[in-house]
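Asks: Residue strings, one per chain:
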Amino acid sequence: MPKYYWEDFKTGAVAVYGPRLVTREEIVAFAAEFDPQPMHLDEAAGRATLLGGLAASGWHVTSLLMRLIADGFILDSSSMGGPGVEELRWRKPLRPGTNIRLRATVLESRPSKSRPEMGLTRFRYEVLDETDGCLADMVTTVMFGRRQPGTAS
Amino acid sequence: MNFFEDIRVGDVYALGRHTFTAADIKAFATRFDPQPFHVDEAAAQKSHFGGLVASGWHTAAAWMRLMVDCRRRMTEEARARGEPAGMIGPALGFRELKWAKPVYADDTIEYAAEVVATRVSESRPGLGLMTVRSTGMNQNGDLVISFVSTTFIERRTKP
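Protein chains in written order, with our numbering: chain X, 1 to 153; chain D, 1001 to 1159.
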């Protein structure tokens, strides 16, 4: 039985997950495979760009966000997945050696109208550095199974 | 897409194809998205997907690789003609990301990007911003991913 169901995510609730140390080696390894732009591979090349130094691929940041929520609650929940992402902004570069955390805020919670066994939870996720600086934030909806199924309307 | 001035709304970039092997799906998901239907064939069979599926973030990361390769080809072509090539990136973010259908093991996804808006940056007048709608279609012609992203691109003419 999962620990968390739709009922456990109340509007306004805030939780913080992590930390997770992000190393230079993993930044370069991700970039070499998926995003081989100079600012994700090399310090000197990064300094010549708007990022001002070596920084993780934005898709590495979103992938790390996924891992933080997976370990934070998704893997121990009745999650039925998410259909997508409303919006994501990359706000600051993720540098090697940063300990990131994930802050999840419940923006909205509603039962599914068509599926009484399911509820929908809209989250804001923020990837934070050690000084609570926001590196990226994202708004997305997760579908969760309900502990107590409702009635279809 | 060598400089901001070269881009027109409606331009389409064919980015090419990527095949998601079971080994690649599990390797990515083990690192970033270890839900059972991304890392374990037997568990995936029993899930509502009915088989191993790629993490949505893997489907997006594969797009990025093909986009980087496309830009690199265009830069090399410009240099071969003796023309300069402008800087592209970083991106500001994306919106309307939809994972429309699952990507199963051995699916081949064909990616494309269409320019939907261009504007000069207000904060950095030497740069423009290009907004593209990107899509990935599987071998059956079904849309599996789409999103709209905005990226800095250098202007040829500086103010």
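It should be emphasised that the hints constitute simulated quantities derived from the structure, not laboratory data.
Treat the numbers as computed from the prediction; the structure is a model and nothing was measured.
Certain hints may be false.
[What the hints assert, rightly or not] With a Cα cut of at most 27 Å, we get these calculated DSS-like pairs of lysine-lysine:
hint	chain 1	residue 1	chain 2	residue 2
1	X	K113	X	K10
2	D	K1158	X	K3
3	D	K1101	X	K113
4	D	K1046	X	K92
5	D	K1158	X	K113
6	D	K1026	D	K1046
7	X	K3	X	K113
8	X	K92	D	K1098
9	X	K10	D	K1158
10	X	K3	D	K1046
11	D	K1046	D	K1158
12	D	K1098	D	K1158
13	D	K1158	D	K1101
14	D	K1101	D	K1046
15	D	K1026	X	K113
[To be verified] If you want the footprint, here are the derived chain X segments under chain D, 3+ residues with CB under 8 Å:
hint	segment
16	38–51
17	63–74
18	83–89
Heads up, the beta-carbon is just placed ideally off N, CA and C, and yes, glycines get one too.
Asks: Compare the structure with each hint and give your call.
Replies: Quick rundown of the hints versus the structure:
1. At roughly 18 Å between alpha-carbon atoms, K113 of chain X and K10 of chain X fall within 27 Å of each other, so this suggested pair holds.
2. Proposed proximity of K1158 of chain D and K3 of chain X is contradicted: the alpha carbons are some 57 Å apart, above 27 Å.
3. Distance hint between K1101 of chain D and K113 of chain X is fulfilled; the C-alpha atoms sit about 22 Å from each other, no more than 27 Å.
4. Of the supplied pair hints, the one linking K1046 of chain D and K92 of chain X is violated, its CA atoms being roughly 40 Å apart against a limit of 27 Å.
5. Simply put, K1158 of chain D and K113 of chain X have alpha-carbon atoms about 53 Å apart, too far for the 27 Å limit, and the pair is violated.
6. A distance of roughly 17 Å separates the Cα atoms of K1026 of chain D and K1046 of chain D; the hinted pair therefore holds under the 27 Å criterion.
7. Taken as a hint, the K3 of chain X and K113 of chain X pair is honoured in the structure, with Cα atoms around 24 Å apart against an allowance of 27 Å.
8. For the hint linking K92 of chain X to K1098 of chain D, the alpha-carbon distance of about 24 Å falls within 27 Å, and the restraint holds.
9. Only pairs whose Cα atoms come within 27 Å are accepted, and K10 of chain X paired with K1158 of chain D is rejected, the gap being roughly 50 Å.
10. Distance hint between K3 of chain X and K1046 of chain D is fulfilled; the C-alpha atoms sit about 20 Å from each other, no more than 27 Å.
11. Between the alpha carbons of K1046 of chain D and K1158 of chain D the distance comes to roughly 58 Å, so the proposed pair goes past 27 Å and is violated.
12. As the CA atoms of K1098 of chain D and K1158 of chain D are separated by approximately 36 Å, the hinted pair breaks the 27 Å bound.
13. Annotation: proposed proximity of K1158 of chain D to K1101 of chain D is violated, straight-line Cα distance about 43 Å (limit 27 Å).
14. A C-alpha spacing of about 18 Å is found between K1101 of chain D and K1046 of chain D, which places the hinted pair at or below 27 Å, so the restraint holds.
15. Between K1026 of chain D and K113 of chain X the CA atoms are separated by roughly 34 Å; this puts the pair beyond 27 Å, and the hint is violated.
16. For the segment 38–51 of chain X, the assignment as covered by chain D holds, since 4 residues bring a beta-carbon within under 8 Å of that chain's beta-carbons and 3 suffice.
17. Closer than 8 Å: that is the beta-carbon criterion, and the segment 63–74 of chain X has 6 residues meeting it against chain D, so the requirement of 3 holds.
18. Counting residues of the segment 83–89 of chain X whose beta carbon lies closer than 8 Å to any beta carbon of chain D gives 7, which meets the minimum of three for the stated coverage.
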